[in-house]
Every structure is written in C-alpha cells, then in structure tokens.
Amino acid sequence: MSKTVLNVTGLSCPLPVLHAQKAMKGLPPGAVVEIQATDPAVVQDIDAYCRSSGSALISQREEGGVFTVEIRKGG
1 MSKTVLNVTG LSCPLPVLHA QKAMKGLPPG AVVEIQATDP AVVQDIDAYC
51 RSSGSALISQ REEGGVFTVE IRKGG
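When we follow full-length UniProt numbering, the leftmost residue of the sequence shown carries the number 1, and every step to the right adds one.
Please note that the accuracy of each hint is not assured.
[Unchecked claim] Below are the DSBU-like pairs computed for lysine-lysine, each with C-alpha atoms no more than 35 Å apart in a straight line: (1) K73 - K25; (2) K22 - K73; (3) K3 - K22; (4) K25 - K3; (5) K73 - K3.
It should be emphasised that the hints constitute simulated quantities derived from the structure, not laboratory data.
Required output: the full structure, derived from the provided sequences and hints.
Listed below in structure tokens is the structure:
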C-alpha cells in the first residue's frame, strides 16, 4: 500500500491535525499517512487524534526541527 505524505511545516496547532484529518478522510482503512511538521505539539496532537479516531501512531522522529509522524488509518 502506498503512503501519503502531508507536509504541514510552518503551520501551528491545530492546523497540522486538521490537515491530517482531512487527508485521512478519503483513504481506505490501513492506509499510512506521513505528516511532516515543524510544530513540536504535532506529536501529542496526532497521538490524541489517533486515540479518538481508532487510527494508530506507528512512528515518530525529529530531525533538524522537522517532526515526522506516521499514522495508519483504523477501520
């Protein structure tokens, strides 16, 4: 299955999560979305989104001020 990459660098909370929600809406269960953000709150915000939506946070990392979070859509 392919991965959707969502670049939301430069945006602040809650915009990264709102963009992620919109991207996930049209995808089938099991789809993976990689979110690239510069707002450090994105990790906590995406974790909370996953818990409320049934999706799964599968990885997170930070490199050079860019936070990369991968989530898998639940179904």
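Evaluated hints:
1. Straight-line distance between C-alpha atoms of K73 and K25 comes to about 9 Å, which keeps the hinted pair within the 35 Å bound.
2. Annotation: proposed proximity of K22 to K73 holds, straight-line Cα distance about 12 Å (limit 35 Å).
3. Annotation: proposed proximity of K3 to K22 holds, straight-line Cα distance about 15 Å (limit 35 Å).
4. With a C-alpha separation of about 14 Å, the suggested pairing of K25 with K3 holds against the 35 Å cut-off.
5. For the suggested pair K73 and K3, the alpha carbons sit about 11 Å apart, so the restraint of at most 35 Å is met.
Figure legend: structure checked against the earlier numbered hints; every hint is met.
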